[in-house]
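From these two lone chains plus the hints, build me the complex, please.
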Amino acid sequence: MTQLALVIDLNVCVGCHACVTSCKEWNTSGPAGPMGDERPYGEDPSGTFFNRVQTFEVGTYPDTQTVHFPKSCLHCEDPPCVPVCPTGASYKRAEDGIVLVDYDKCIGCKYCAWACPYGVRELDAQQKVMTKCTLCVDRITDATLPAAERKPACVMACPTNARLFGDVHDPDAEVSRAIREQGGYTLMPEWGTHPANHYLPRRRSEITLHPDELQRVDNPLKVDGKLPRPAPGAPALDDVTSW
Amino acid sequence: MNPALSVILLTTLIGAGQGLFVALVAADLGARFAAWAALPEAFVARAAGLALALLVAGLAASFFHLGRPLRAWRSAAQWRTSWLSREVIALPLAMALVALYGAAQLPLGSALRPHADWIGVLGVLACLALYVCTGMIYACLRFLQEWATPLTVVNFTLLGAASGFSIAAALARLDGLESATGFALSAAALTAFGLLGRTASLLRNARLRRSSTLATAIGIKHPRIVQSAAGFLGGSFNTREFFHGRKDAFVRQVKWLFLGGAFALPLLLLGAALGQGAAAWFVAAPLVQWSGLLLERWYFFAEAKHPQNLYYSAIA
Numbered sequence: 056m057t058q059l060a061l062v063i064d065l066n067v068c069v070g071c072h073a074c075v076t077s078c079k080e081w082n083t084s085g086p087a088g089p090m091g092d093e094r095p096y097g098e099d100p101s102g103t104f105f106n107r108v109q110t111f112e113v114g115t116y117p118d119t120q121t122v123h124f125p126k127s128c129l130h131c132e133d134p135p136c137v138p139v140c141p142t143g144a145s146y147k148r149a150e151d152g153i154v155l156v157d158y159d160k161c162i163g164c165k166y167c168a169w170a171c172p173y174g175v176r177e178l179d180a181q182q183k184v185m186t187k188c189t190l191c192v193d194r195i196t197d198a199t200l201p202a203a204e205r206k207p208a209c210v211m212a213c214p215t216n217a218r219l220f221g222d223v224h225d226p227d228a229e230v231s232r233a234i235r236e237q238g239g240y241t242l243m244p245e246w247g248t249h250p251a252n253h254y255l256p257r258r259r260s261e262i263t264l265h266p267d268e269l270q271r272v273d274n275p276l277k278v279d280g281k282l283p284r285p286a287p288g289a290p291a292l293d294d295v296t297s298w
Numbered sequence: 352m353n354p355a356l357s358v359i360l361l362t363t364l365i366g367a368g369q370g371l372f373v374a375l376v377a378a379d380l381g382a383r384f385a386a387w388a389a390l391p392e393a394f395v396a397r398a399a400g401l402a403l404a405l406l407v408a409g410l411a412a413s414f415f416h417l418g419r420p421l422r423a424w425r426s427a428a429q430w431r432t433s434w435l436s437r438e439v440i441a442l443p444l445a446m447a448l449v450a451l452y453g454a455a456q457l458p459l460g461s462a463l464r465p466h467a468d469w470i471g472v473l474g475v476l477a478c479l480a481l482y483v484c485t486g487m488i489y490a491c492l493r494f495l496q497e498w499a500t501p502l503t504v505v506n507f508t509l510l511g512a513a514s515g516f517s518i519a520a521a522l523a524r525l526d527g528l529e530s531a532t533g534f535a536l537s538a539a540a541l542t543a544f545g546l547l548g549r550t551a552s553l554l555r556n557a558r559l560r561r562s563s564t565l566a567t568a569i570g571i572k573h574p575r576i577v578q579s580a581a582g583f584l585g586g587s588f589n590t591r592e593f594f595h596g597r598k599d600a601f602v603r604q605v606k607w608l609f610l611g612g613a614f615a616l617p618l619l620l621l622g623a624a625l626g627q628g629a630a631a632w633f634v635a636a637p638l639v640q641w642s643g644l645l646l647e648r649w650y651f652f653a654e655a656k657h658p659q660n661l662y663y664s665a666i667a
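Protein sequence lines, in the order shown, are assigned to chains A and B. Counting in our numbering, the final residue of the first sequence is number 298, and the numbers go up one at a time with none missing. Counting in our numbering, the final residue of the second sequence is number 667, and the numbers go up one at a time with none missing.
Excised from the complex, chain B in its bound form (with noise of 0.2 Å):
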């Protein structure tokens, strides 16, 4: 598949304002219920308010991918069927709750105050339902093998939380809030057990056994058969959407930056920030997270080859 930006920006955003929301509901009733330090409801709110700010973001990529965005609203039709549907009505419900959450911090939303912990649990609710609901728009596609797996809804649950309780690590540590320390364990945890769902996927997808093969594509069962004419000469839709043009050895060398930079780098940096408490450790984390994850998420869409490439194995 050819990475889209807006796609990688949509997941990748979405992910951690949902991970950041999720940290912050978890802490703040984490507070009521257990010995922990309570949140300042303006942090809170701020907290809250950039985790808005993370899904605004991801869903205005995600109109950069339509052809039609004018459309847009009659996307949440087919909930029944299609999960890219049902994304499309637990995001915004999951922004509301968001909102909702921030408000009730604030002077302002003094009349939800008393409701705070119930949207809480049901914005953590949509928050989850949300990342199935990303994940299985990729592993519902049952012959895009290198997706079809558990691994890519655990995985996309994993890194989106991880990158979210790595921002709520730094947004603490700048307030100078206790439960920094809190956050970047957790971000730290959920960063390793991500590094075990991604490198699980990607030992899975190395010995995948393609069910498609250019004999059952045409239907000629010969072990040597050769592409020798597209049908055209330019390049068309199919060419440009499912080929990215990169070579094996660039690919592999995102494979390894991402492991790097979504994976190895934050955990050190989180260690630092554990062991040092420094800010800019704290804040430097989620950055360089973030910016590792929208390559693995591009190595995930141009690691997938769509059985319909078989139809194009001149270019390929």
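So that you can see chain A by itself, here it is in the shape it has in the complex (with noise of 0.2 Å):
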């Protein structure tokens, strides 16, 4: 069975916000309708996000890292929004395990937000009914894209690559081998929600230097300079430098 999902790199995550940005453009032009955004250019504006960065800063100076965090949907396995649902309006997709919620049954009670753990239910001031992250099923599911551009707008913006895109039952995936060879791991395991969306760990990067490394070991003779044309027929490295 598909369940598709993202997998966020947060070793790779600038924080430059563009899957914020691109998500809301996407999304916001979409048939479902705007985004509301309240005082957008006001004092304390507010709006609708399927996606937030939010920062980090791990560690105590001078050991610290920032880290940089973009959180959506997380389009888990076992969702506890969709069952507290009293309408049907949540639900989660068997073909690909993407979980919607259809704007024209909401009632707008926001039980579905109290029961996400993560937070990344937001209702909409104007459209009164809850919105989330729909791993853009209107942009992933459009044939008329080229194949390489049906992926979620997020995914598309992000200047690092640090987000991937598929579907994380598939072994041979490249989310799937990424979660497996990288150390991909869900938040708040403990609520036994099984997010599909993954994490990549941050990582050291280091470059290891031998001394030997630090000296032209290609030309041990120590010998700068022309060598000899060889002879014709000699053996020779591209027909004008001999051996």
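Hints are not guaranteed to be accurate.
Simulated restraints, written as ranges between beta carbons of each label pair [as the list claims (entries may be wrong)]:
hint : chain 1 : residue 1 : chain 2 : residue 2 : range
1    : A       : Gly85     : B       : Leu421    : 22 to 32 Å
2    : B       : Gly596    : A       : Val67     : 32 to 42 Å
3    : A       : Ser84     : B       : Trp607    : 48 to 58 Å
4    : A       : Asp193    : B       : Gly596    : 32 to 42 Å
Bear in mind the hints are in silico, worked out from the structure with no lab data behind them. Idealized CB from N, CA, C, for every residue including glycine.
Below is the structure:
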């Protein structure tokens, strides 16, 4: 069974918010109607976003790391927001595992937002219904787009390729390989929600230099300068330079 | 959580309405099978009317919680999985049975009179089921650890029943019925049990060990993680819905106020009513208790710390 999801590489994310703005641009222009903005240029702006990037500082100065942490709906395999919905507006698609809200059935009771430990559902202040990340369901299933563009808007926008998209149930998929080989993990595993989205941890990136690597070792005779031309028929590197 | 007035009114009003109806049916049936004083039909009809009015007022308040109230009819659909949906079914069912029970006491409902006992029993069952549904709406959210305990259901039931019984005592005293004493005694007992249950949940929540930490929330195993940016400068749904924005000292004050208003004072007033018999004590008890329960319910929501707040620790 397919389970589409995002894999977000915290080692690569630079916190540029391109995924946030790209998500908003795509989803506010879609057939589901705009994502509300209140006082966008005022002192206390507020609006609906499906994806937000937060920043955390880990450790004590000077041994600190700044971690940029993008968070959107994790499309849990056992989503706690779905069974609590009284109208059935909140549902998980059987064919690809995307958790969606039927905006026409939602009564805006906010119970699903209470039931989500990750705080990724937002009640739109203007539409008065619960909204959330759809994994750009209208993009990834659009057969009129070139196959390479059938990805969520946030994935398309990421300048450092920190966001991977694919089927985490397919062991050969790029996302599954990344989870397997780079220690992908899920958020708040203690609640048994089994989020489909995974995060790749920060990794130590160092260059190890050995003393001999500081010297030119491709010229062990320390002879700089031109070698004689090879005789015709003699073995040559490129017909010009002799061994 | 940020307490919503609509939900505070809903849960306290319907809880009192259910309790009042349970008190009525218990006294009415008790008079049939035990040597209790029978309740006059007009009194039962009027008290059932008040119970119905409380249920209707609670239902009306709940609509203000909805973003799209005109679609509220859809909310009965998912009764297989959702306690909220079950409540939406149990509430009108209880309202209908309360209305029928009241009507059966009146001349216009004389055809129902022979079935009144059964209607009453079914109504009590519906009211008890409604307590369970209301409590389970909160108790089933496992990561809201303050709520995820059977004590939540027990307390919703006890507190609702206590306030309903003290209303019944006041109504009976105003009509000069001798059942007022029985109602007041039951109300005092239920209030005392409610105090026990609520104290137990307060003690439990005070020593709660949280399963989620910032380390599990972002998956970085480090003892010192500090949030430096929430991702936006203004507010959002997440900061409005899950934070009440009050100081700890304010919340602690509300706790002592509700312990006084919902339990200590009503117990004193009921004691005075039983000792002295003045109608003023009987009437004051439910009014004071309901005000106390409004604070109790505010505290119930304000006390609960949603794990999503970990992602906004810069604000919390």
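State, for the Cβ atoms of Gly85/A and Leu421/B, whether the hinted interval 22 to 32 Å holds or is violated. 24 Å, holds
Could you tell me whether the CB distance from Ser84/A to Trp607/B stays inside 48 to 58 Å? 52 Å, holds
Verdict for Asp193/A, Gly596/B (Cβ pair) under range 32 to 42 Å: 37 Å, holds
Cβ separation of Gly596/B and Val67/A, checked against the hinted range 32 to 42 Å: At 36 Å between Cβs, range holds.
Violation of the numbered hints given earlier is absent; every hint is satisfied by the structure.
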